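Visitor: Residue numbers (my numbering), protein chains in the order written: chain A, 1 to 381; chain B, 1 to 253.
It is possible that some hints are incorrect.
Using 30 Å as the maximum straight-line C-alpha spacing, the simulated DSS-like pairs for lysine-lysine come out as follows [said to hold, decoys possible]:
no.: 1; chain 1: B; residue 1: Lys72; chain 2: A; residue 2: Lys211
no.: 2; chain 1: B; residue 1: Lys197; chain 2: A; residue 2: Lys211
no.: 3; chain 1: B; residue 1: Lys73; chain 2: B; residue 2: Lys197
no.: 4; chain 1: B; residue 1: Lys141; chain 2: B; residue 2: Lys32
no.: 5; chain 1: B; residue 1: Lys197; chain 2: B; residue 2: Lys72
no.: 6; chain 1: B; residue 1: Lys141; chain 2: B; residue 2: Lys108
no.: 7; chain 1: B; residue 1: Lys242; chain 2: B; residue 2: Lys126
no.: 8; chain 1: B; residue 1: Lys147; chain 2: A; residue 2: Lys214
no.: 9; chain 1: A; residue 1: Lys211; chain 2: B; residue 2: Lys32
no.: 10; chain 1: B; residue 1: Lys242; chain 2: B; residue 2: Lys27
no.: 11; chain 1: A; residue 1: Lys214; chain 2: B; residue 2: Lys141
no.: 12; chain 1: B; residue 1: Lys126; chain 2: B; residue 2: Lys147
no.: 13; chain 1: B; residue 1: Lys126; chain 2: B; residue 2: Lys108
no.: 14; chain 1: B; residue 1: Lys73; chain 2: B; residue 2: Lys108
no.: 15; chain 1: B; residue 1: Lys108; chain 2: B; residue 2: Lys27
no.: 16; chain 1: B; residue 1: Lys27; chain 2: B; residue 2: Lys73
no.: 17; chain 1: B; residue 1: Lys108; chain 2: B; residue 2: Lys147
no.: 18; chain 1: B; residue 1: Lys108; chain 2: B; residue 2: Lys32
no.: 19; chain 1: B; residue 1: Lys197; chain 2: B; residue 2: Lys126
no.: 20; chain 1: B; residue 1: Lys27; chain 2: A; residue 2: Lys211
no.: 21; chain 1: B; residue 1: Lys197; chain 2: B; residue 2: Lys141
no.: 22; chain 1: B; residue 1: Lys141; chain 2: A; residue 2: Lys211
no.: 23; chain 1: B; residue 1: Lys32; chain 2: A; residue 2: Lys214
no.: 24; chain 1: B; residue 1: Lys197; chain 2: B; residue 2: Lys32
no.: 25; chain 1: A; residue 1: Lys214; chain 2: B; residue 2: Lys72
no.: 26; chain 1: B; residue 1: Lys108; chain 2: A; residue 2: Lys211
no.: 27; chain 1: B; residue 1: Lys72; chain 2: B; residue 2: Lys27
no.: 28; chain 1: B; residue 1: Lys32; chain 2: B; residue 2: Lys242
no.: 29; chain 1: B; residue 1: Lys108; chain 2: B; residue 2: Lys197
no.: 30; chain 1: A; residue 1: Lys214; chain 2: B; residue 2: Lys197
no.: 31; chain 1: B; residue 1: Lys108; chain 2: B; residue 2: Lys72
no.: 32; chain 1: B; residue 1: Lys242; chain 2: A; residue 2: Lys214
no.: 33; chain 1: B; residue 1: Lys27; chain 2: B; residue 2: Lys197
Simulated from the structure, these hints should not be mistaken for lab results.
Note that the structure is a prediction, hence the values are computed from the model and not measured.
Below are the chains, spelled out letter by letter.
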Amino acid sequence: MISKRTPRQDMTMMLIFALAVLTMPIWLAPFGAAYPDLLQKFVIFGIMAVGFNILFGLTGYLSFGHAAFLGVGSYSAVWMFKLFTMNVIPAVIIGTVVAGLFAVVIGYVCLRRSGIYFSILTLALAQMCYNLAYSVLTPITNGETGLQIRPTDPRYIDAMFLDPSERVPTTTLFGIDMTGYGGFYFCAVALIVTFFISLRIFRSPFGLKLKAIKSNQNRLNYTGVNPRPYLLVAFVISGMYAGLAGSLLAVTDPLAGAERMQWTASGEVVLMTILGGAGTLFGPLLGALIIKYFENIFSAFNDGRLHEIFSFLPDGVESAVVGIAAQFVGEGWHLTLGLMFMLIVIFLPGGLIEGLNHIFSRLRPGRARRRAAAVEEKEAG
Amino acid sequence: MDTTVLDVSDVNKNFAGLQALSNVNLKILEGKTHAVIGPNGAGKSTLLNVCVGRLQPDTGSVTFDGEIITGKKPYEINQAGVARVFQTPEIFADLSVEENVVVAAMAKRDGSFHPHAFRNMISETKMRDEALAVLDDLGLKRMRDMKAESLSRGDKRRLELAMCLIQHPRLLLLDEPTAGMSRHDTNQTIEVLRRIKERGMTKVIIEHDMHVVFSLADWITVLAQGAIIAEGPPEEIRGNPKVQEAYLGGAHA
């Protein structure tokens with residue numbers, strides 16, 4: 001149904017969201033995840049997942065090639081650092097725009113087909129980009145070594161304004177260091193802005209038509225709407241989100257490698273979106289948070305840590321439990337993630353957000369009932 | 001003199017050796033309700049599919065409002081003013097009843113593409129009021145927040161009809177609008193269609209139910225094996241022995 005949320009309620013939600021994002025270093029501390037490197041990843045992949053959701057969540061077109069846009073964004077940003085300035089603003093803008101242009105071309109080709117054929121086409125094109133980055137395009141991508149910043153890079157704009165002594169090869173925002181927490185807050189602001197854009201798209205007539213494409217493209221055609229340009233716009237927007245994420249990766253760590261474009265990276269964002277809940281506003285963010293948490297924290301658990309956690313158990317039981325649990329952490333974190341993914345797809349097809357909604361509506365049945373009663377009253381009156 | 005809204009001329013369509021339509025000529029007049037009847041496999045749905053651009057005829061052409069529409073895309077034909085209700089309801093199953101109708105209304109207002117990415121649906125009050133009025137007219141207003149997929153079959157058809165009506169089409173094509181409905185629902189639908197007729201909307205109805213055909217049609221075309229075997233006002237068709245043989249089988253004679 002058309003969201004009953006008024007624009008004012010949406011603004012309140014945005015405020016709370018912005019606060020939650022900016023205070024991540026505080027509330028993630030108890031989970032051992034409050035260090036800049038990981039926080040940046042949470043936010044950057046959050047942006048990518050939010051953008052991916054505009055395509056996959058709303059139109060149902062499953063792209064398996066979004067890592068290509070991530071990679072293009074990274075390379076473009078690093079080239080901006082190398083050629084012009086270490087200031088992050090031009091790099092982020094160019095990274096996003098170049099990824100967008102790239103998405104126009106890829107989208108134009110791939111959107112001629114739908115369903116599995118669309119997925120295969122995007123996958124093929126992205127893998128092509130990945131392989132090209134390793135081979136033919138080595139002059140641009142620097143192949144396996146990856147594209148890096150060197151003190152000898154020209155940086156024409158910096159050279160005009162700064163003394164050689166000030167020209168250090170670290171990314172800055174008008175003098176503010178963009179590695180560490182500075183980088184995190186920069187990315188956090190980008191996430192808040194892009195999430196707001198996605199919210200507006202969800203609530204707009206444009207978003208409604210994207211949902212209509214997912215629901216019944218045939219009917220939409222006979223209702224007088226041409227789905228193709230809508231799909232292309234959605235594809236390009238999500239490509240630009242990925243490009244932005246890619247350039248932010250370069251901002252926080254000015255290095256671009258082709259492995260970012262591999263299909264596993266594309267698959268990761270699909271996992272994030274489905275895990276959290278495709279087509280929901282917050283789902284993809286939640287998915288990104290969980291997957292990056294597992295990848296970085298869970299994978300670092302070792303036996304010592306497990307012994308600590310289960311030390312309250314009696315000795316024999318404890319070693320048995322640790323023995324079993326050890327298979328699921330450390331290098332085995334993929335196993336945990338895989339099991340979790342299966343459970344969610346089987347039991348909660350709407351993702352974790354659906355699960356949370358179930359819990360909330362069960363916890364507060366009175367509220368839902370009161371709301372229904374209020375609606376009925378209004379209709380009678 | 002009546003104006004011709006839709007002109008099907010010399011249309012042929014062959015499916016792998018099966019002649020689905022052979023030299024079909026049909027003129028639909030402004031403001032009239034035109035019924036196309038015929039036994040199963042007579043080519044009725046194929047005829048509609050040719051009219052809305054789902055199928056391209058092998059030869060012949062379809063003219064709508066003086067403009068040839070053969071070869072145009074379905075959304076272009078809709079934008080020109082042709083709306084269609086399908087035999088099996090084609091609706092946006094995941095969207096709410098209200099959203100279904102609003103999408104149709106937006107298509108009419110905004111054309112085939114318009115990126116309103118930053119307007120809020122909640123402020124589209126005029127369009128939503130209009131949608132509710134149409135839903136009210138068809139007895140669906142109560143269900144406006146329900147997911148369209150949870151409607152009964154009859155209500156789904158009515159919803160599809162609502163989506164067509166909100167577009168105020170010049171020509172409405174209905175493919176068995178009462179198939180699978182109870183007698184009560186059928187009568188309600190006849191009532192709705194009659195009201196639409198009073199407003200002067202031009203309609204083409206494909207129907208099996210003779211009760212529906214004879215209570216609505218101004219003109220009847222009978223198709224059998226892809227060819228028109230009879231045409232005329234209802235009384236004439238009812239008495240036509242050729243038609244009875246091909247289709248009515250004496251049941252309604």
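Visitor: Next, verify each hint and record whether it holds.
Guide: Evaluated hints:
1. The straight-line distance between the Cα atoms of Lys72(B) and Lys211(A) is roughly 25 Å, inside the 30 Å bound, and the hint therefore holds.
2. Restraint check for Lys197(B) and Lys211(A): not satisfied, since their Cα atoms lie roughly 33 Å apart, outside the 30 Å limit.
3. For the given pair, Lys73(B) sits about 27 Å from Lys197(B) by alpha-carbon distance, which is consistent with the 30 Å threshold.
4. Of the pairs offered as hints, the one joining Lys141(B) and Lys32(B) holds, with about 29 Å between alpha carbons and a cut-off of 30 Å not exceeded.
5. This hinted pair checks out: Lys197(B) and Lys72(B) have alpha carbons roughly 28 Å apart, not beyond 30 Å.
6. A C-alpha spacing of about 21 Å is found between Lys141(B) and Lys108(B), which places the hinted pair at or below 30 Å, so the restraint holds.
7. For the suggested pair Lys242(B) and Lys126(B), the alpha carbons sit about 52 Å apart, so the restraint of at most 30 Å is broken.
8. Between Lys147(B) and Lys214(A), the direct Cα distance comes to roughly 14 Å. Compliance with the 30 Å bound is thereby established for this hinted pair.
9. Proposed proximity of Lys211(A) and Lys32(B) is contradicted: the alpha carbons are some 36 Å apart, above 30 Å.
10. Between the alpha carbons of Lys242(B) and Lys27(B) the distance comes to roughly 21 Å, so the proposed pair stays at or under 30 Å and holds.
11. Of the pairs offered as hints, the one joining Lys214(A) and Lys141(B) holds, with about 24 Å between alpha carbons and a cut-off of 30 Å not exceeded.
12. A C-alpha spacing of about 22 Å is found between Lys126(B) and Lys147(B), which places the hinted pair at or below 30 Å, so the restraint holds.
13. Using a Cα cut-off of 30 Å, the hinted pair Lys126(B) and Lys108(B) holds, with the two alpha carbons roughly 14 Å apart.
14. With a CA separation close to 16 Å, the supplied pair Lys73(B) and Lys108(B) stays within the 30 Å bound.
15. A threshold of 30 Å between alpha carbons decides the hint, and for Lys108(B) with Lys27(B) the separation of about 25 Å falls inside it, so the pair holds.
16. Between the alpha carbons of Lys27(B) and Lys73(B) the distance comes to roughly 22 Å, so the proposed pair stays at or under 30 Å and holds.
17. Restraint check: the Cα-Cα separation between Lys108(B) and Lys147(B) comes to about 22 Å, which is no more than 30 Å; the hinted pair holds.
18. The straight-line distance between the Cα atoms of Lys108(B) and Lys32(B) is roughly 23 Å, inside the 30 Å bound, and the hint therefore holds.
19. Note on Lys197(B) and Lys126(B): the hinted pairing holds, with a Cα-Cα distance of about 25 Å set against a maximum of 30 Å.
20. A threshold of 30 Å between alpha carbons decides the hint, and for Lys27(B) with Lys211(A) the separation of about 38 Å lies outside it, so the pair is violated.
21. Under the criterion of a C-alpha separation no larger than 30 Å, the hint pairing Lys197(B) with Lys141(B) is consistent with the structure, at around 22 Å.
22. This hinted pair checks out: Lys141(B) and Lys211(A) have alpha carbons roughly 22 Å apart, not beyond 30 Å.
23. Restraint check: the Cα-Cα separation between Lys32(B) and Lys214(A) comes to about 36 Å, which exceeds 30 Å; the hinted pair is violated.
24. Only pairs whose Cα atoms come within 30 Å are accepted, and Lys197(B) paired with Lys32(B) is accepted, the gap being roughly 8 Å.
25. Under the criterion of a C-alpha separation no larger than 30 Å, the hint pairing Lys214(A) with Lys72(B) is consistent with the structure, at around 24 Å.
26. A hinted pair counts as satisfied when its Cα atoms are at most 30 Å apart, and Lys108(B) with Lys211(A) qualifies at roughly 18 Å.
27. With a CA separation close to 19 Å, the supplied pair Lys72(B) and Lys27(B) stays within the 30 Å bound.
28. Between Lys32(B) and Lys242(B), the direct Cα distance comes to roughly 24 Å. Compliance with the 30 Å bound is thereby established for this hinted pair.
29. Proximity of Lys108(B) to Lys197(B) is assessed by CA-CA distance (about 21 Å); at most 30 Å being required, the pair is judged to hold.
30. For the hint linking Lys214(A) to Lys197(B), the alpha-carbon distance of about 34 Å lies beyond 30 Å, and the restraint is violated.
31. For the given pair, Lys108(B) sits about 17 Å from Lys72(B) by alpha-carbon distance, which is consistent with the 30 Å threshold.
32. Proposed proximity of Lys242(B) and Lys214(A) is contradicted: the alpha carbons are some 47 Å apart, above 30 Å.
33. For the proposed pair Lys27(B) and Lys197(B), the alpha carbon gap of about 18 Å is at most 30 Å, so the pair holds.
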